Amino acid sequence: MLKTLPLLLFQLKIQNYVSRFTKQVMPLDARVRNHWGNAMSEKSIELEYLEGSTLLSVQQCLDAYGAMKRVESVGNKPNVVFLDASWWHKGDVDGRKMFENGPRIPGSIYFAVDDVTLTHDLNSDSLPNMLPTSNFFAAVMDECGVRNQDHVIITARESVYFTPRIWFLFKTFGHDPNKVHLMQGSLEDWIKLGGEVDKNTTVAPKFQDMGLGQKEAYSYKVRAPTGVCNMKEVLEAIKVNVDKNKTEKVLILDSRGSSFAKNGHMPGAIHLPYSNWVLSENKLKWKSVYELKSVFENAGVDPMTNNRIICSCGTGVSVCHTLLALELCGRDLLQSNTKMYDGSWSEWKQKGGTPKAP
47 MLKTLPLLLF
57 QLKIQNYVSR
67 FTKQVMPLDA
77 RVRNHWGNAM
87 SEKSIELEYL
97 EGSTLLSVQQ
107 CLDAYGAMKR
117 VESVGNKPNV
127 VFLDASWWHK
137 GDVDGRKMFE
147 NGPRIPGSIY
157 FAVDDVTLTH
167 DLNSDSLPNM
177 LPTSNFFAAV
187 MDECGVRNQD
197 HVIITARESV
207 YFTPRIWFLF
217 KTFGHDPNKV
227 HLMQGSLEDW
237 IKLGGEVDKN
247 TTVAPKFQDM
257 GLGQKEAYSY
267 KVRAPTGVCN
277 MKEVLEAIKV
287 NVDKNKTEKV
297 LILDSRGSSF
307 AKNGHMPGAI
317 HLPYSNWVLS
327 ENKLKWKSVY
337 ELKSVFENAG
347 VDPMTNNRII
357 CSCGTGVSVC
367 HTLLALELCG
377 RDLLQSNTKM
387 YDGSWSEWKQ
397 KGGTPKAP
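In terms of my numbering, the sequence shown opens at residue 47 and continues consecutively.
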């Protein structure tokens with residue numbers, strides 16, 4: 047044993063020398079590939095905090111943007127996409143024009159609520175903001191260069207309310223829910239923190255005018271929308287609620303604002319205005335989970351109830367606030383007992399035979 051020890055030490059020295067020599071003579075391009083390969087691996091680790099975080103601070107979004115730029119700098123396609131969902135349901139503020147004129151987050155894509163909806167040729171009742179077909183959504187994703195594996199960060203200008211509608215679109219059509227995020231703050235907040243912006247003019251295409259959704263196959267893979275119901279299902283729920291022999295009732299949650307009392311509502315509907323869920327001073331920032339649960343509790347609603355819940359609003363937009371609030375409070379929206387009524391009050395009020403409460 048003692049005799050072989052010097053030989054073993056000699057072999058270890060030789061191996062160490064060969065290893066160092068191999069590193070020195072490794073071709074330059076191979077060393078560069080190894081360096082950036084490690085960088086890409088580190089970048090994946092750097093973005094791990096995005097996974098499963100629906101709500102991101104502005105600083106977290108700035109960090110993701112920085113990681114995205116570093117990936118682009120070595121010729122790779124980043125797996126982070128920024129969408130600008132600056133859209134107002136009232137007034138004459140033009141979010142598209144604001145996006146086109148700048149400033150905006152460099153590389154971001156304009157994504158208006160009323161542009162990713164059911165196309166006019168399929169919308170026989172002319173109901174506003176109906177969900178698009180799966181093919182149309184897939185076509186929009188391909189047009190925007192969004193892939194199934196991408197993280198999607200939804201942003202907007204200050205005073206915008208309805209970014210959760212875009213979150214719900216991705217969720218219902220099957221994008222990985224761990225990769226869909228809402229920036230908790232506005233573009234103006236981004237700028238205040240030193241975020242890079244693009245001030246050059248551009249043109250934001252209108253998806254509704256592009257004839258999208260006609261192909262049979264798309265790179266972006268979608269499913270039929272889940273967690274959605276039609277008027278028939280709501281009518282059946284109301285029948286269950288008035289049936290004294292039925293012990294398990296269906297909760298109908300209406301997220302409209304003042305129009306709930308002014309224009310009428312479905313019998314038994316519980317009023318939970320969409321403004322309840324966000325901060326009054328910054329409509330893009332959500333309240334804490336504790337505060338969200340208090341809103342539900344004050345309305346007599348248990349977010350974790352086993353009863354069915356149907357969420358409605360005016361045109362299928364603000365209802366997404368209620369859905370997100372339910373999820374943030376722990377409810378699994380992928381279960382079949384939670385639905386979004388697509389037609390909402392716009393359909394309900396114009397159809398005959400639908401009961402209406404003052």
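Treat the hints as calculated values from the structure; they're not laboratory data. Only a predicted model underlies this, so the values are computations on that prediction, with no experimental measurement involved. We put the beta carbon where it would ideally sit given N, CA and C, even for glycine. A couple of the hints might just be wrong.
Said to hold, decoys possible - Distance windows between CB atoms, simulated: (1) 195 to 278: 21 to 29 angstroms; (2) 116 to 293: 27 to 35 angstroms; (3) 195 to 160: 34 to 42 angstroms; (4) 344 to 247: 43 to 51 angstroms; (5) 98 to 281: 32 to 40 angstroms; (6) 119 to 257: 29 to 37 angstroms; (7) 261 to 123: 21 to 29 angstroms; (8) 396 to 293: 29 to 37 angstroms; (9) 116 to 193: 13 to 21 angstroms; (10) 166 to 248: 20 to 28 angstroms.
Hints, one by one, checked against the model:
About 36 angstroms separates the C-beta atoms of residue 195 and residue 278, a value inconsistent with the hinted range of 21 to 29 angstroms. The hinted range of 27 to 35 angstroms is not satisfied by residue 116 and residue 293, whose Cβ atoms lie roughly 58 angstroms apart. For residue 195 and residue 160, the Cβ-Cβ distance of about 28 angstroms falls outside the hinted range of 34 to 42 angstroms, so the restraint is violated. Against the hinted window of 43 to 51 angstroms, the Cβ-Cβ separation of residue 344 and residue 247 comes to about 47 angstroms, which satisfies the hint.
In this structure the hint that residue 98 and residue 281 lie 32 to 40 angstroms apart at CB holds, the actual value being about 37 angstroms. Our hint of 29 to 37 angstroms for residue 119 and residue 257 holds, since their Cβ atoms are close to 36 angstroms apart. One distance hint, 21 to 29 angstroms for the beta-carbon pair residue 261 and residue 123, holds here, with the actual separation near 22 angstroms. Between residue 396 and residue 293 the Cβ separation comes to about 33 angstroms, which falls inside the hinted range of 29 to 37 angstroms.
Hint check: residue 116 to residue 193, Cβ distance near 19 angstroms, so the stated range 13 to 21 angstroms holds. At about 26 angstroms, the beta-carbon gap between residue 166 and residue 248 stays in the expected band of 20 to 28 angstroms.
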